[in-house]
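Student: Spelled out from the first residue to the last, the chains are:
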Amino acid sequence: MKPAVFDYSAPESIAEALGLLAEHGSGAKVLAGGQSLVPMLNFRLARPAHLIDINGVDSLSYISANGALRIGSMTRLTALGESGDVAGAHPIIPAAVAQIGHRAIRNRGTIGGSLAHNDPAAELPAVLMALDAEVTARSADGERVVGMQDLIEDRLFDTTLDDTELLTEIRIPAAAASSSFGFQEFARRHGDFALAGVAAVITTDGSTITHAALGAFGGTHATRLPTAEAALVGAETGDAAFAAAGAGAAADFPSTSDVHGTAEYRSHLINVLTVRALNDAAGHTGGGNG
Amino acid sequence: MAENMSVVLNVNGSGRSVSVEPRKTLADAIREDLGLTGTHLGCEHGVCGACTILLDGEVVRSCLMLAVQADGAEITTIEGIADGDALHPMQSAFSEYHGLQCGFCTPGMILAGIDVVSRNPDPSPQEIREEMGGNICRCTGYQKIVESVQAAAAAMSAEGGSA
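Protein chains in written order, with this note's numbering: chain E, 1 to 290; chain F, 1 to 163.
Hints in this document: simulated from the structure, not taken from any laboratory.
Hints are supplied without guarantee of correctness; some may be wrong.
[To be verified] Calculated cross-link-like contacts (lysine to aspartate or glutamate; reagent style EDC-like; alpha-carbon spacing at most 20 Å):
| # | chain 1 | residue 1 | chain 2 | residue 2 |
| --- | --- | --- | --- | --- |
| 1 | E | K2 | E | D53 |
| 2 | F | K144 | F | E130 |
| 3 | E | K2 | F | E44 |
| 4 | E | K2 | F | E21 |
| 5 | F | K144 | F | D122 |
| 6 | E | K2 | F | E32 |
| 7 | F | K144 | F | E96 |
| 8 | F | K144 | F | E127 |
| 9 | E | K2 | F | E96 |
| 10 | E | K2 | F | E130 |
Go ahead and model the full structure; you've got the sequences and the hints to work with.
Tutor: Listed below in structure tokens is the structure:
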């Protein structure tokens, strides 16, 4: 038997799940799609006393596109990537989802699970940061709305969610009409964890950039890239501004070394990928300095 | 020790009731409780693809689910795709085009291949390589697997796209 022993509950409603979380708190883990948690159980890296399986809570799986885009936390990545409503509102999301694992992973993995697990190499925390998304966290005592940056802070494999809270919904404000995006990551094999990646959303007035939001992943934690954003706002789209943003991104990026690459290499990647993503967003065909 | 739970697994068209601990993976239940050892276990953490099955028609890793989560679901394993003694076109193509050597990855490859062709009846070699990147083979170098899936796609289109 691979996982250690746990008690198992399969609530069918949010209220039932919140009651179980209130009862078991830090001894419990919530099982969403399981594509990260079950490997950790199989390795016995995670040994929760109680597993709360929310796959039977149907009311957590939905996509609603009236005004802001609202996505239930148990929405599977395949459904997220194939939704016309999502692609219409924020086409960066299907572009990013296509890079997450493989079909079999996306068929089970969920948007809420990806955020709550918060792997620093995961695409969605950085993408949703760039889209200024908020999440709803509910507990038996009530609910609160948390911005993506406040959810992640500088954490990895952890969030600011309390042990008794359940992430129930992701809400993404409507994009400006003149916004565009670029999404770039580098992985050694399609579907593998990226060594580094950038999600860029820019808004322009003519050729002047009026808003820039960049999220990066693959470092010690998902993060916005404020120096890169500052280099873009007010500038004209083009090589000069994009090169400055690339350098700023490398300065902002919390790089890290491991067996797959050194911190210096990852910082270089972030610079190059930022320039490429911005060229994609601007509709330029050039690949920047990459 | 958590108490066993009774679970009904509808495997390859027949409902089978098993009593399992909640911590038992679906892959282990398929192999140990149902005796269907065609589903192979390589890495047991979702990387190699050997344990790929179809759950309600969608490819999933059976090592990354608990058996109790599959209660009532329709499961297709490698044992369930042939029509009696007549191999599934994907199986025939792997045989004809030498899409296997040791055979360990083959059940997962074949189910992943059936899924690819069900969504894309005429996949290019590049599309097959990307779609099946989650299934690892240590023998073939993949060239023959890609050829097998392409040949199977053509055969399945010819006979009306049956999967």
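Student: Run the distance test for K2(E) versus E44(F): straight-line Cα separation, threshold 20 Å.
Tutor: holds, 9 Å
Student: Below or equal to 20 Å on CA atoms is what counts here, so check K2(E) against E130(F).
Tutor: violated, 30 Å
Student: Hint check: K144(F) vs D122(F), CA-CA at most 20 Å. Holds or violated?
Tutor: holds, 17 Å
Student: Starting from K144(F), check that the Cα of E127(F) is at most 20 Å away, please.
Tutor: Given that 20 Å is the threshold and the Cα spacing comes to 15 Å, the pair holds.
Student: Under the criterion that the straight-line Cα-Cα distance not exceed 20 Å, is the pair K2(E), E96(F) satisfied?
Tutor: violated, 37 Å
Student: Taking only the CA atoms, is the gap from K2(E) to D53(E) under or equal to 20 Å?
Tutor: Holds: K2(E) and D53(E) sit about 18 Å apart, inside 20 Å.
Student: With the threshold set at 20 Å, check whether the alpha-carbon distance from K144(F) to E130(F) stays at or below it.
Tutor: Measuring from Cα to Cα gives roughly 15 Å; hence the hint holds.
Student: Has the given pair, K144(F) with E96(F), been kept, meaning a C-alpha gap of at most 20 Å?
Tutor: holds, 10 Å
Student: For a C-alpha distance cap of 20 Å, please report whether K2(E) and E32(F) respect it.
Tutor: Given pair K2(E), E32(F) holds - Cα atoms ~13 Å apart, limit 20 Å.
Student: Below or equal to 20 Å on CA atoms is what counts here, so check K2(E) against E21(F).
Tutor: holds, 11 Å
The structure fails to meet hints 9, 10 from the earlier list, while all remaining hints are met.
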